[in-house]
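Single-letter residue listing:
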Amino acid sequence: MTATHLQPVGKALARYLARHWDKDVQLGAISQIPGGASRETYRVHITVEGVAEGVILRRDPPSSLIDTERAHEFNTYRAVFGTRVPVPEPLVLEDDDPGELERPFSLTREIAGCETSPATLTMAPFNAHREKIGHNKWTILGHLAALDVDTLPLAFMARHAHPARHELDYWAGVIRKDALHPQPIAEAAIRWLERHLPPPSARLALVHGDYRSGNFLYDTEGNVHGVLDWEMAHLGDPLEDLAWSFDPLWCWPEKHLAGNLLPRVDALGIWERASGLTVDREAFRWWQVFASLKALAIWISSAEDYVNGTTKEPILAFAGWPLIDRQNRILLDRLQPGSTHTYAEALL
Amino acid sequence: MIPAPGRTLTDLAMRLMLGIAPQTTTTFAAADCGLIAQLLLTMGQEFERAVDTRMQDIHELKALFGTAPADAARARFMGATPASLHLRDVNALHDEGMQLLAILHAQAEADDAALNARIWAFLRAHSERHKFETLG
Numbered sequence: 001m002t003a004t005h006l007q008p009v010g011k012a013l014a015r016y017l018a019r020h021w022d023k024d025v026q027l028g029a030i031s032q033i034p035g036g037a038s039r040e041t042y043r044v045h046i047t048v049e050g051v052a053e054g055v056i057l058r059r060d061p062p063s064s065l066i067d068t069e070r071a072h073e074f075n076t077y078r079a080v081f082g083t084r085v086p087v088p089e090p091l092v093l094e095d096d097d098p099g100e101l102e103r104p105f106s107l108t109r110e111i112a113g114c115e116t117s118p119a120t121l122t123m124a125p126f127n128a129h130r131e132k133i134g135h136n137k138w139t140i141l142g143h144l145a146a147l148d149v150d151t152l153p154l155a156f157m158a159r160h161a162h163p164a165r166h167e168l169d170y171w172a173g174v175i176r177k178d179a180l181h182p183q184p185i186a187e188a189a190i191r192w193l194e195r196h197l198p199p200p201s202a203r204l205a206l207v208h209g210d211y212r213s214g215n216f217l218y219d220t221e222g223n224v225h226g227v228l229d230w231e232m233a234h235l236g237d238p239l240e241d242l243a244w245s246f247d248p249l250w251c252w253p254e255k256h257l258a259g260n261l262l263p264r265v266d267a268l269g270i271w272e273r274a275s276g277l278t279v280d281r282e283a284f285r286w287w288q289v290f291a292s293l294k295a296l297a298i299w300i301s302s303a304e305d306y307v308n309g310t311t312k313e314p315i316l317a318f319a320g321w322p323l324i325d326r327q328n329r330i331l332l333d334r335l336q337p338g339s340t341h342t343y344a345e346a347l348l
Numbered sequence: 001m002i003p004a005p006g007r008t009l010t011d012l013a014m015r016l017m018l019g020i021a022p023q024t025t026t027t028f029a030a031a032d033c034g035l036i037a038q039l040l041l042t043m044g045q046e047f048e049r050a051v052d053t054r055m056q057d058i059h060e061l062k063a064l065f066g067t068a069p070a071d072a073a074r075a076r077f078m079g080a081t082p083a084s085l086h087l088r089d090v091n092a093l094h095d096e097g098m099q100l101l102a103i104l105h106a107q108a109e110a111d112d113a114a115l116n117a118r119i120w121a122f123l124r125a126h127s128e129r130h131k132f133e134t135l136g
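Residue numbers (our numbering), protein chains in the order written: chain D, 1 to 348; chain A, 1 to 136.
It should be emphasised that the hints constitute simulated quantities derived from the structure, not laboratory data.
It is possible that part of the hints are untrue.
[Said to hold, decoys possible] According to the in silico footprint, chain A covers these stretches of chain D (three or more CB under 8 Å from chain A):
#1 124-134
#2 173-183
#3 319-330
[What the hints assert, rightly or not] Mimicking EDC-like on lysine to aspartate or glutamate, the simulated pairs with C-alpha atoms at most 20 Å apart in a straight line are:
#4 D:K255 to A:E133
#5 D:K132 to D:D148
#6 D:K11 to D:E94
#7 D:K132 to D:E194
#8 D:K11 to D:E102
#9 A:K62 to A:D89
#10 D:K23 to D:E49
#11 D:K132 to D:D266
#12 D:K23 to D:E115
#13 D:K312 to A:D32
#14 D:K255 to A:E60
#15 A:K131 to A:E60
#16 D:K11 to D:E69
#17 A:K62 to A:E96
#18 D:K177 to D:E194
#19 D:K312 to D:E40
#20 A:K131 to D:E345
#21 D:K177 to A:D95
#22 D:K312 to D:D60
#23 A:K131 to A:E48
#24 A:K131 to D:E254
#25 D:K177 to A:E96
#26 A:K131 to D:D325
#27 A:K62 to A:D112
All of these numbers come straight from a predicted model, not from anything done at the bench.
Just so you know, even glycine gets a beta-carbon here, dropped at the ideal spot from N, CA and C.
If we strip away everything but chain A, and leave its shape as in the complex, we get:
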């Protein structure tokens, strides 16, 4: 059993980058190693936080929709929970919320400056939450 998959992926990335890449005999292979290592680092970060970041988004979206004009689709979303905490199920509800947000954003831009500002604030928080630290 690997008790900390995120850290293990990071360890594998470092081994690939610092141990294996220097032993390759072509620039192409070394570049490939570097790229795969960066992807492993990305996966390492995402593995640990994927469900948490999406659930935070879902909670904040529900709070945001609660300040918006009433709407049946948004009301349904506000009452929904993921079918499970498997990433695919969390993603499904997260996608639904983000799609509703895009629709609401277009409306708010036209006639509700305060709501528009709250949506931008959410998008800022959302993007910071999903940022990959190793990549800047």
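In isolation and in its complexed conformation, chain D is listed as follows:
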């Protein structure tokens, strides 16, 4: 369904593409996709020289949940497209001269007929395929970990000698810069992570940075067709993504199934087989605590953005309030001596 107020955005895109591709481009339907606070996302149906196709337009809002660069995500799509990790085909990146669309944007080809919502995973007909979706989810993540970063066009990504050190410094810095109130649980987590810092990663991998239920496209048969939202992608330790995908936040309030899909040990085994890597359990404990801290940092940053930024998106307020509360309880469960693990299972 096309909402009338979205027509100007769709028409502006059609005009831009007609000029950019030097072809006849006509607008069909346009709808806005909810979720994903870092961009305005639209599903647009167009015809190009009379041929119908679907595209996904992601346009910068005035304010964003995560400080990211659109070029970074788009260039990561370019690097990954065509590998065993399925991603939408990147079509257009407009960083400097958005013309008719007024704000920078990127365009990818639509992968039609799929769902992304974590909530839908628990509903028919998808709930019958949760195990298969989970198998596909962690197989793809294993394939991502197995990619040889030296053969991919990833020169735009920084290489850090000690990824854990770098990530901790970065996200601790976000918390200390953006916190609107003192964060004693976050500070305790930062100290724990400092005390238990693992050695530099044995293997440098492409890390998605937000690999979770909600950021991949699945169909009614349990197949996974695309991994989305690569804004936080970076070179780092492959355990970072695995730990992030296990955070209790992504299966709340059901703490026994990672991503509301599979028991963690099963998901871990699938990942090991697909990646050809063996999980260093000591390092993995560190990355699990780090994942919970990173999530808290993102929620804290979104709260700051809501209060001081120019965009008053409800998702920013939601992330910055009840989600901070929830993430604090997860971290507390992880770190309190003698924890009863009310909200998070013990670290693997």
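We have chain D; now place chain A onto it with these hints.
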């Protein structure tokens, strides 16, 4: 006059979620309604308890600091009261106490296991007190 603002916010949230959201014509608008309704529910809970939960934290922090080694900043906090019961004033003193707690926690981790355990117990009680029931 609205005699029970917390309950009214909850009522508004339910109307938005169950009455208005189903009438919207796009998924985006329906999702926005759901998110705003959840925020209203959150505000409904917080409205009723905001000052009380923070004052309980402040009282427990003072008791906790009383079991810690003497310190001028903590002593000042233990003798302080909020400038008023307006939330902004209660928040100011609450923030001061939580900041002092973070500093004390770092020290206790290094050399006082019993105090460290009491601080974790406080943080557990604090987080349960501030939990949003509707959200799990």
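Here is how each hint holds up against the structure:
By the rule of at least three residues with a Cβ nearer than 8 Å to a Cβ of chain A, the coverage given for the segment 124-134 of chain D is violated, with 0 such residues. Coverage of the segment 173-183 of chain D by chain A holds. Counting CB-CB distances below 8 Å, 3 residues qualify, and the rule asks for three or more. Counting residues of the segment 319-330 of chain D whose CB falls under 8 Å from any CB of chain A gives 6; the rule of at least 3 is met. A C-alpha spacing of about 17 Å is found between K255 of chain D and E133 of chain A, which places the hinted pair at or below 20 Å, so the restraint holds.
At most 20 Å may separate the alpha-carbon atoms for a hinted pair to count; K132 of chain D and D148 of chain D exceed this at roughly 26 Å. Simply put, K11 of chain D and E94 of chain D have alpha-carbon atoms about 17 Å apart, close enough for the 20 Å limit, and the pair holds. For the proposed pair K132 of chain D and E194 of chain D, the alpha carbon gap of about 37 Å is over 20 Å, so the pair is violated. For the proposed pair K11 of chain D and E102 of chain D, the alpha carbon gap of about 13 Å is at most 20 Å, so the pair holds.
Our distance criterion of 20 Å between C-alpha atoms is met by K62 of chain A and D89 of chain A, whose separation comes to about 17 Å. A hinted pair counts as satisfied when its Cα atoms are at most 20 Å apart, and K23 of chain D with E49 of chain D qualifies at roughly 6 Å. Straight-line distance between C-alpha atoms of K132 of chain D and D266 of chain D comes to about 12 Å, which keeps the hinted pair within the 20 Å bound. For the hint pairing K23 of chain D with E115 of chain D, the CA-to-CA distance comes to about 31 Å; that exceeds 20 Å, so the pair is violated.
Pair hint K312 of chain D plus D32 of chain A holds up; C-alpha atoms about 12 Å apart against a cutoff of 20 Å. A threshold of 20 Å between alpha carbons decides the hint, and for K255 of chain D with E60 of chain A the separation of about 30 Å lies outside it, so the pair is violated. For the given pair, K131 of chain A sits about 17 Å from E60 of chain A by alpha-carbon distance, which is consistent with the 20 Å threshold. Of the supplied pair hints, the one linking K11 of chain D and E69 of chain D is violated, its CA atoms being roughly 25 Å apart against a limit of 20 Å.
Proximity of K62 of chain A to E96 of chain A is assessed by CA-CA distance (about 11 Å); at most 20 Å being required, the pair is judged to hold. As the CA atoms of K177 of chain D and E194 of chain D are separated by approximately 18 Å, the hinted pair is consistent with the 20 Å bound. Proximity of K312 of chain D to E40 of chain D is assessed by CA-CA distance (about 13 Å); at most 20 Å being required, the pair is judged to hold. At roughly 19 Å between alpha-carbon atoms, K131 of chain A and E345 of chain D fall within 20 Å of each other, so this suggested pair holds.
Between K177 of chain D and D95 of chain A the alpha-carbon distance is near 16 Å, which keeps this suggested pair within the 20 Å criterion. Restraint check for K312 of chain D and D60 of chain D: satisfied, since their Cα atoms lie roughly 14 Å apart, inside the 20 Å limit. A distance of roughly 13 Å separates the Cα atoms of K131 of chain A and E48 of chain A; the hinted pair therefore holds under the 20 Å criterion. Straight-line distance between C-alpha atoms of K131 of chain A and E254 of chain D comes to about 17 Å, which keeps the hinted pair within the 20 Å bound.
For a cut-off of 20 Å, the pair hint linking K177 of chain D to E96 of chain A stands: about 17 Å separates their Cα positions. For a cut-off of 20 Å, the pair hint linking K131 of chain A to D325 of chain D stands: about 6 Å separates their Cα positions. With a C-alpha separation of about 18 Å, the suggested pairing of K62 of chain A with D112 of chain A holds against the 20 Å cut-off.
Checked against the numbered hints given earlier, this structure breaks hints 1, 5, 7, 12, 14 and 16; the rest are met.
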